[in-house]
Amino acid sequence: MKLSIEAPEDEVALPGEIHLHIRFRPANMFGILLALLVHGLLLYFLLHMNVLKKKLDKAGSSEPMVFIMDKVAKAPKQATAPQKQKAESKPVRVPPSKNAITRPKIPPPPVTDSPVAQPPPPQAKETPPEMDMMALANAARERRRAAEQAAAQENDGARQAGRGMTPQEVAEANVKRSMQQAANRGGGSGVFELGTVGTRVASFTFRGWNTRVIASNGKQSFEVDAGLGGDVRLAVVRRMIEIIRMEYKGDFNWESRRLGRVIVKSARPEDSAELENFLLKEFFP
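In terms of my numbering, the sequence shown is residues 5 to 289.
Do not take every clue at face value.
[Said to hold, decoys possible] Straight line, CA to CA, 20 Å or less: simulated EDC-like cross-link-like pairs of lysine to aspartate or glutamate:
| hint | residue 1 | residue 2 |
| --- | --- | --- |
| 1 | K253 | E274 |
| 2 | K285 | E197 |
| 3 | K269 | E259 |
| 4 | K285 | D235 |
| 5 | K223 | E246 |
| 6 | K269 | E251 |
| 7 | K269 | E280 |
| 8 | K253 | D235 |
| 9 | K285 | E246 |
| 10 | K253 | E278 |
| 11 | K285 | E259 |
| 12 | K59 | E21 |
| 13 | K269 | E246 |
| 14 | K285 | D275 |
| 15 | K58 | E21 |
| 16 | K253 | D275 |
| 17 | K223 | D255 |
[Claimed, not checked] Listed next, with one range per pair, are the computed distances between beta-carbon atoms:
| hint | residue 1 | residue 2 | range |
| --- | --- | --- | --- |
| 18 | S276 | E152 | 34 to 40 Å |
| 19 | E152 | P273 | 33 to 39 Å |
| 20 | D255 | K285 | 17 to 23 Å |
| 21 | V205 | I245 | 31 to 37 Å |
| 22 | I245 | R148 | 30 to 36 Å |
| 23 | P289 | E158 | 17 to 23 Å |
| 24 | R149 | K285 | 26 to 32 Å |
What the hints contain is simulated information worked out from the structure, not anything from laboratory work.
All of these numbers come straight from a predicted model, not from anything done at the bench.
From the three backbone atoms N, C-alpha and C, an ideal C-beta is built for every residue, glycine too.
I would like the entire structure built from these sequences, with the hints used as guidance.
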């Protein structure tokens, strides 16, 4: 293929004209046609590019939705007061009818402050007159002695309730109470304490009476021998009766713990059998 702008010899060129002469060989025809086809396709796409662009613009005319993901700290939900959906209806005032009977309004009673009761003034304590020191000492001594006697009686009752009293304890309690009552009545008093009791020999102690026979609060011990084949309990009771007759010749008061009351007994010789039986039951129940 040869491209030339030279005019042939027999061709007349006018002024200002340019003649383009193309010469090619038939062997190169296939390559020329292929090149022309490629250029034609390129030209076609170039010419229709604007049309396709316009169609795409029309199809995407709606703006795309864009999401922006940012980390935002969530604010705490605040309690919102519920909104009133309906407005409060205003009460409609209805004019009273002429025939309606209206009740007159009664004013509330006035509130008066109730008087507060005042406490009575404290009364002055009356001071007792001064007592004699000797009288106070005697009263304290009597209270102490009464408390000691009450405590002794309670101890005796507790021992008897907790366990069975021994014959010695029964005898001591009986005689002690009887002697105390006798002393309060102005007579002498005494306390028998049963000691050891064997088959033949027994012992007991006695504390009491008055200064005419035995020293006050004095204590004497006695031993009794019933002899061979004798009754040691009867021998003890008979010796006690002899001691009682040193103070009493007739009737005397005996407070029996076994019976729970004060009994009048006789110390006369003719009543010895009855007194012996009674004392046997008291000391050897």
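Hint check results:
1. Between K253 and E274 the CA atoms are separated by roughly 11 Å; this keeps the pair inside 20 Å, and the hint holds.
2. Restraint check for K285 and E197: satisfied, since their Cα atoms lie roughly 15 Å apart, inside the 20 Å limit.
3. For the suggested pair K269 and E259, the alpha carbons sit about 10 Å apart, so the restraint of at most 20 Å is met.
4. Only pairs whose Cα atoms come within 20 Å are accepted, and K285 paired with D235 is accepted, the gap being roughly 15 Å.
5. At roughly 16 Å between alpha-carbon atoms, K223 and E246 fall within 20 Å of each other, so this suggested pair holds.
6. This hinted pair checks out: K269 and E251 have alpha carbons roughly 14 Å apart, not beyond 20 Å.
7. Distance check on the hinted pair: K269 and E280 sit about 11 Å apart at the alpha-carbon level, within 20 Å; holds.
8. This hinted pair does not check out: K253 and D235 have alpha carbons roughly 26 Å apart, beyond 20 Å.
9. As the CA atoms of K285 and E246 are separated by approximately 18 Å, the hinted pair is consistent with the 20 Å bound.
10. For the proposed pair K253 and E278, the alpha carbon gap of about 15 Å is at most 20 Å, so the pair holds.
11. A C-alpha spacing of about 13 Å is found between K285 and E259, which places the hinted pair at or below 20 Å, so the restraint holds.
12. Proposed proximity of K59 and E21 is contradicted: the alpha carbons are some 44 Å apart, above 20 Å.
13. Between K269 and E246, the direct Cα distance comes to roughly 14 Å. Compliance with the 20 Å bound is thereby established for this hinted pair.
14. Restraint check: the Cα-Cα separation between K285 and D275 comes to about 16 Å, which is no more than 20 Å; the hinted pair holds.
15. A hinted pair counts as satisfied when its Cα atoms are at most 20 Å apart, and K58 with E21 does not qualify at roughly 42 Å.
16. In summary, the hint linking K253 to D275 is supported, as the alpha carbons are separated by about 11 Å, within the 20 Å threshold.
17. Between K223 and D255 the CA atoms are separated by roughly 24 Å; this puts the pair beyond 20 Å, and the hint is violated.
18. In this structure the supplied range 34 to 40 Å holds for S276 paired with E152, their Cβ-Cβ distance being about 36 Å.
19. Between E152 and P273 the CB atoms are about 38 Å apart, so this pair conforms to the stated range of 33 to 39 Å.
20. The hint said 17 to 23 Å for the Cβ distance between D255 and K285, and at roughly 19 Å that hint holds.
21. In this structure, V205 and I245 break the distance hint of 31 to 37 Å, their C-beta atoms being roughly 19 Å apart.
22. Between I245 and R148 the beta carbon distance is about 35 Å. The supplied range of 30 to 36 Å therefore holds.
23. Restraint check, P289 to E158: a C-beta distance of roughly 22 Å satisfies the suggested window 17 to 23 Å.
24. Between R149 and K285 the Cβ separation comes to about 31 Å, which falls inside the hinted range of 26 to 32 Å.
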